[in-house]
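According to mature numbering (1 follows the signal peptide of the UniProt record, and there is no 0), the sequence shown holds residues -27 to -1, 1 to 443 in order.
None of these hints come from the bench; they were simulated from the model. Source: prediction; values computed, not measured. Note that the Cβ used here is the ideal one computed from N, Cα and C, for glycine as well. A portion of the hints provided could be inaccurate.
[Unchecked claim] Listed next, the in silico DMTMM-like pairs over lysine to aspartate or glutamate satisfying Cα-Cα at most 25 Å (straight line):
{"#": "1", "residue 1": "K424", "residue 2": "D204"}
{"#": "2", "residue 1": "K120", "residue 2": "D138"}
{"#": "3", "residue 1": "K229", "residue 2": "D293"}
{"#": "4", "residue 1": "K412", "residue 2": "E431"}
{"#": "5", "residue 1": "K404", "residue 2": "D200"}
{"#": "6", "residue 1": "K380", "residue 2": "E394"}
{"#": "7", "residue 1": "K216", "residue 2": "E417"}
{"#": "8", "residue 1": "K403", "residue 2": "D423"}
{"#": "9", "residue 1": "K87", "residue 2": "E379"}
{"#": "10", "residue 1": "K339", "residue 2": "E354"}
{"#": "11", "residue 1": "K424", "residue 2": "D409"}
{"#": "12", "residue 1": "K194", "residue 2": "E213"}
{"#": "13", "residue 1": "K369", "residue 2": "D98"}
{"#": "14", "residue 1": "K369", "residue 2": "E227"}
{"#": "15", "residue 1": "K248", "residue 2": "E279"}
{"#": "16", "residue 1": "K114", "residue 2": "D98"}
{"#": "17", "residue 1": "K412", "residue 2": "D169"}
{"#": "18", "residue 1": "K162", "residue 2": "D302"}
{"#": "19", "residue 1": "K367", "residue 2": "D293"}
{"#": "20", "residue 1": "K429", "residue 2": "D361"}
{"#": "21", "residue 1": "K194", "residue 2": "E387"}
{"#": "22", "residue 1": "K194", "residue 2": "D302"}
{"#": "23", "residue 1": "K142", "residue 2": "E115"}
{"#": "24", "residue 1": "K216", "residue 2": "D28"}
{"#": "25", "residue 1": "K339", "residue 2": "D293"}
{"#": "26", "residue 1": "K433", "residue 2": "D204"}
{"#": "27", "residue 1": "K326", "residue 2": "D150"}
{"#": "28", "residue 1": "K194", "residue 2": "D159"}
{"#": "29", "residue 1": "K429", "residue 2": "D408"}
{"#": "30", "residue 1": "K365", "residue 2": "E115"}
{"#": "31", "residue 1": "K405", "residue 2": "E115"}
{"#": "32", "residue 1": "K81", "residue 2": "E67"}
{"#": "33", "residue 1": "K367", "residue 2": "D171"}
{"#": "34", "residue 1": "K235", "residue 2": "D224"}
[To be verified] Simulated restraints on C-beta separations:
{"#": "35", "residue 1": "K141", "residue 2": "Q40", "range": "51 to 57 Å"}
{"#": "36", "residue 1": "I426", "residue 2": "K120", "range": "32 to 38 Å"}
{"#": "37", "residue 1": "E111", "residue 2": "K142", "range": "20 to 26 Å"}
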Amino acid sequence: MKSRMLHKVLMLVVCCLLVAGCTTSKSKTEKQANIKSSIKVMFFDQGYFFQQYGDLFTVNFPNIDIQVVSTQSLYNQGGGTDYNKAMQELIDKEQPDVLMLNTDTYEKYAADGKVQELDSLINRDKYNIENIYPALIELLKEKGAGKLYGLSPSFSSNAVYYNADLFKKYGVEIPHDSMTWQEIFDLAKRFPTEGDEDTRIYGYAAQYNMSLNNMVQTIAKTQGLNDINLDTLKVTVNTESWKKVYQLALDAMESKIIYNPKPSDGAIMMEDYFKQQLFIMGRAAITTSGSYMLQSMQQAKTAIPEYKPFELGIVTGPVDSAEPDATRDIYFNEIFAINAKSPNVDAAWEFIKFINGEDYAKVKSKTMNNGLLSRMGYSTEFDGISLDVFYKLKPKLDQKYYTRAEKIPTNFYEQYNPIVEREIGLVQEKKKSLDDALKTIEEEGQVVLDKAIKEKEENKTKDATETTAE
């Protein structure tokens, strides 16, 4: 009898210890999650926010109410609007607890002390960030002067797609990782160019109608070229590097290896859209695209009755030959950070933890609607295709992009691009040399830039005077 009584007492003690252990192991924020609270989250659209983040979070944290501060108004104010100023005014007015930033505003806000440092919260809650895309964490810390001020649950990145069946058919060696634009176009030239537009094979297929200038800007971005020196505010396109980029694009266009979809006159049926995407239809050897291409190819199988699948290959690229392990074609446009003035830091942190956490990744790994997951290990393949290629390269972002947005008036390119289109059109028509065209672009572009900067400064002075008068 004594033995049984002793056994019951020991079991009771063990249970009490287990309960106590579970209770003390809960983080401060886990306990506070049961307290009714409310947070404001900055996002561009309320409906899309709840579809991507809010609904899942609310199910797991029913006591934390979420209000969305929409940023749509920032994009509806006309071409002359100072976006950064308008965004700060919105934040000052609405005081959202969670800010949605891109890499440029993230860097600026971190430097200005406008967002909460997360390292202490991560350490406090022992929050695992080890299997979040390491290059992303490295980038965010780099832009935060060694500290972490935000996290991004997803990103988008480009890669080189190829039709392995066409490469086998025409005896062309398949693409390799770290493809440059020169290598892509050289491979594309190995495919036949004869035949009519409705049946022929193309070496490379664009996904949307691209002018020569669009192609030039795409290649230039890969190589890290800027058409304006931000230190001197001088247009600098009459250089050897820019000339090589223009010549590469001109040669590719003239060689008839590139398929350019016709501009759309308006809404079109899904089947008609896919039929204009020649890579998806198996009539182009190479294209460059983001991970959404995989989703499009999956949709084409059901949207087009006569669709014929082919063996797909993906490699890293396009890259700059000087930095084959890095990419500039990568975007982190939803970096979530905590407003430094927020009175609801713990609830805001709970939200950021959740959308960057394992439970969220498990649910979202079934789709690719919002790009690639930053938390690795949950979305490893899509429709049988490995996604590893999108995680191989290191992000290489323009370090002066925010400075560019501050210094270059938003309406500059509205006047500059027509100059470029006109001059390059003359080159294509053999009416002007590339050297002369670049010289004219630089000279006339400088006049336009100087005028735009002057007008911007005059408007600033006018606004300041009106504010003082009020």
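Now the hints, each set against the structure:
no.	hint	in the structure
1	K424 to D204	17 Å, holds
2	K120 to D138	47 Å, violated
3	K229 to D293	24 Å, holds
4	K412 to E431	29 Å, violated
5	K404 to D200	24 Å, holds
6	K380 to E394	24 Å, holds
7	K216 to E417	17 Å, holds
8	K403 to D423	30 Å, violated
9	K87 to E379	18 Å, holds
10	K339 to E354	10 Å, holds
11	K424 to D409	23 Å, holds
12	K194 to E213	16 Å, holds
13	K369 to D98	31 Å, violated
14	K369 to E227	31 Å, violated
15	K248 to E279	11 Å, holds
16	K114 to D98	19 Å, holds
17	K412 to D169	38 Å, violated
18	K162 to D302	24 Å, holds
19	K367 to D293	12 Å, holds
20	K429 to D361	45 Å, violated
21	K194 to E387	19 Å, holds
22	K194 to D302	8 Å, holds
23	K142 to E115	46 Å, violated
24	K216 to D28	51 Å, violated
25	K339 to D293	33 Å, violated
26	K433 to D204	21 Å, holds
27	K326 to D150	34 Å, violated
28	K194 to D159	19 Å, holds
29	K429 to D408	31 Å, violated
30	K365 to E115	19 Å, holds
31	K405 to E115	45 Å, violated
32	K81 to E67	20 Å, holds
33	K367 to D171	39 Å, violated
34	K235 to D224	20 Å, holds
35	K141 to Q40: 51 to 57 Å	56 Å, holds
36	I426 to K120: 32 to 38 Å	34 Å, holds
37	E111 to K142: 20 to 26 Å	42 Å, violated
Hint check: violations occur at hints 2, 4, 8, 13, 14, 17, 20, 23, 24, 25, 27, 29, 31, 33, 37; the rest are consistent with the structure.
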